[in-house]
Amino acid sequence: MRAVVVILAVLLIALPLAVNAEKAKSIDELAKMYDSSRCKACHAEIYAQWEKSHHARPLMGVAGGLMLVPVVKGSPFAPKDPKQATMKNFPCFKCHLPQALTSAEDSFAVELTEALLAGDKGKVGKLQITCLVCHNEKAIIHRMQLGKPEKDVIYSTKDIPSHPDKVFTKVKKSTVMDQSIFCGQCHGTGPNFEFENPVQCATLYGSYQHNYLSHGGFQSCQECHMPKVKGKADHLIAPNWDDKAHSSELLKKAVTLDVQTLGYSWLRKAKDLHPMVVVNTKISHTGGHRIPDG
Amino acid sequence: MEVTAKTPDGKEIFKDERHYHTQATTCLDSKMVYGAQNKASYVRDTALQPYASKDETFQIKLPEGVTTVDVTVDLNYELQVPENKVPIHKVTKRVTLER
Chain D
384 MRAVVVILAV
394 LLIALPLAVN
404 AEKAKSIDEL
414 AKMYDSSRCK
424 ACHAEIYAQW
434 EKSHHARPLM
444 GVAGGLMLVP
454 VVKGSPFAPK
464 DPKQATMKNF
474 PCFKCHLPQA
484 LTSAEDSFAV
494 ELTEALLAGD
504 KGKVGKLQIT
514 CLVCHNEKAI
524 IHRMQLGKPE
534 KDVIYSTKDI
544 PSHPDKVFTK
554 VKKSTVMDQS
564 IFCGQCHGTG
574 PNFEFENPVQ
584 CATLYGSYQH
594 NYLSHGGFQS
604 CQECHMPKVK
614 GKADHLIAPN
624 WDDKAHSSEL
634 LKKAVTLDVQ
644 TLGYSWLRKA
654 KDLHPMVVVN
664 TKISHTGGHR
674 IPDG
Chain E
16 MEVTAKTPDG
26 KEIFKDERHY
36 HTQATTCLDS
46 KMVYGAQNKA
56 SYVRDTALQP
66 YASKDETFQI
76 KLPEGVTTVD
86 VTVDLNYELQ
96 VPENKVPIHK
106 VTKRVTLER
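Protein chains in written order, with this note's numbering: chain D, 384 to 677; chain E, 16 to 114.
Chain D extracted, bound-state conformation (with noise of 0.2 Å):
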């Protein structure tokens, strides 16, 4: 009896840390956790497109900025001494970099804090949104019912019997991964109410079901954002904002601007006649959501 008394109390101390033990300490950690750079090897396009993404690079912002500055240094978030930073003072983490809150420990939200207030775009510039949160840890939606993704799972479209990696050597299919639903997870409906102060982060997703589906619209936000390029969905996931040549095309294909004048002399009264120019504009626009938003 008593033996087992002190199995059990052994487990119960060990079992927190081994959870502990599983997530990341520091940036360097985290980012190595989450690293894709061997996708590359067999997914070159693909990645490069990644590369080029602004889920490359989900805490710069736009323009190599570091979105997060703001965060830590003056608002209602930021922590009052940047070693007391805990994951509480990142909200922007559910969508901006999900893996930090399943996977890192508050000693990262120190380092990433000092990090952000140092302007060391270098190391806060490994945090990514890597193949790994997308094609793992975002894969999958209905947890109740399909249980959580699979540790040494690739998620896709569909169901590939192996996959040549050490790791990942599996393909499963992830239903949701071409719906609208997989972006809504981040790209948001509203306020965020969870947090200790409410966030209004993106809203596209909310905007695309109440005011696209409701008009009509069924087209999903992979079918535009992510079109086939060469037979594979393009990873780009476009725009690309830093890419204004890029972004100015897109936007002049999705948004029309249509102006019509009139010269003429308007008469107020008898013999009172006012020289004027009407201008009357009319913009719309084929986006499956409100512009902008995010």
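Since the hints were derived computationally from the structure, they do not count as laboratory data. The structure displayed is predicted, hence computed values, not measured ones. For glycine and all other residues, C-beta sits at the position ideal for the given N, C-alpha and C. Incorrect hints may have been included.
Unchecked claim - Below, simulated DSS-like cross-link-like pairs (lysine-lysine); rule was C-alpha separation at most 27 Å, straight line:
#1 D/K627 / E/K108
#2 E/K26 / D/K665
#3 D/K435 / E/K108
#4 D/K665 / E/K21
#5 E/K46 / D/K456
#6 E/K105 / D/K627
#7 D/K541 / E/K21
#8 D/K635 / E/K21
#9 D/K435 / E/K100
#10 E/K21 / D/K504
#11 D/K636 / E/K26
#12 E/K105 / D/K636
#13 E/K46 / D/K635
To be verified - Far from chain E, by Cβ distances over 10 Å, these chain D residues were calculated:
#14 H518
#15 T572
#16 L634
As the list claims (entries may be wrong) - Here are the computed distance ranges between Cβ atoms for each label pair:
#17 E/S45 / D/T552: 54 to 60 Å
#18 D/I564 / E/R59: 24 to 30 Å
#19 E/T83 / D/K665: 42 to 48 Å
Model the placement of chain E on the given structure of chain D, informed by the hints.
Here is chain E on its own, set in the frame of chain D:
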């Protein structure tokens, strides 16, 4: 979107703007804020919506002696700050009252 009217010799006689985007506050006061970490909720939405057009009318009263103007409508996507623009459309039309 910026609408300007200039006389043929380049003198600006009219300028107006429209801004199409969601607008949010902290909901603790009435000041608009940027940044998801500050925004609590939208309070106004003037963004371009699916299956809906944005129709505007600008009436430009011409100064005395001016009968011809060049109207320019400049539509840009602004990234983070007004100075960082991605051009979408720019339309210029000469409008005259002369017949």
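Here's how the hints hold up against the structure:
A distance of roughly 26 Å separates the Cα atoms of D/K627 and E/K108; the hinted pair therefore holds under the 27 Å criterion. Between E/K26 and D/K665, the direct Cα distance comes to roughly 26 Å. Compliance with the 27 Å bound is thereby established for this hinted pair. Simply put, D/K435 and E/K108 have alpha-carbon atoms about 38 Å apart, too far for the 27 Å limit, and the pair is violated. At most 27 Å may separate the alpha-carbon atoms for a hinted pair to count; D/K665 and E/K21 meet this at roughly 21 Å.
A C-alpha spacing of about 20 Å is found between E/K46 and D/K456, which places the hinted pair at or below 27 Å, so the restraint holds. Note on E/K105 and D/K627: the hinted pairing holds, with a Cα-Cα distance of about 16 Å set against a maximum of 27 Å. Proximity of D/K541 to E/K21 is assessed by CA-CA distance (about 59 Å); at most 27 Å being required, the pair is judged violated. Between D/K635 and E/K21, the direct Cα distance comes to roughly 25 Å. Compliance with the 27 Å bound is thereby established for this hinted pair.
Taken as a hint, the D/K435 and E/K100 pair is honoured in the structure, with Cα atoms around 20 Å apart against an allowance of 27 Å. For the suggested pair E/K21 and D/K504, the alpha carbons sit about 45 Å apart, so the restraint of at most 27 Å is broken. Restraint check: the Cα-Cα separation between D/K636 and E/K26 comes to about 33 Å, which exceeds 27 Å; the hinted pair is violated. With a CA separation close to 14 Å, the supplied pair E/K105 and D/K636 stays within the 27 Å bound.
Distance restraint check for E/K46 and D/K635: the Cα-Cα separation of roughly 33 Å exceeds the 27 Å cut-off, and the hinted pair is therefore not satisfied. Every beta carbon of chain E lies more than 10 Å from that of D/H518, the smallest distance being close to 26 Å; the non-interface claim holds. Every C-beta of chain E lies more than 10 Å from that of D/T572, the closest at about 12 Å, which supports listing it as non-interface. Residue placement check: D/L634 does not keep its beta carbon more than 10 Å from all beta carbons of chain E (closest about 5 Å).
At roughly 57 Å, the beta carbons of E/S45 and D/T552 sit within the given window of 54 to 60 Å. A beta carbon spacing of about 28 Å between D/I564 and E/R59 agrees with the range 24 to 30 Å that was offered as a hint. In this structure the hint that E/T83 and D/K665 lie 42 to 48 Å apart at CB is violated, the actual value being about 24 Å.
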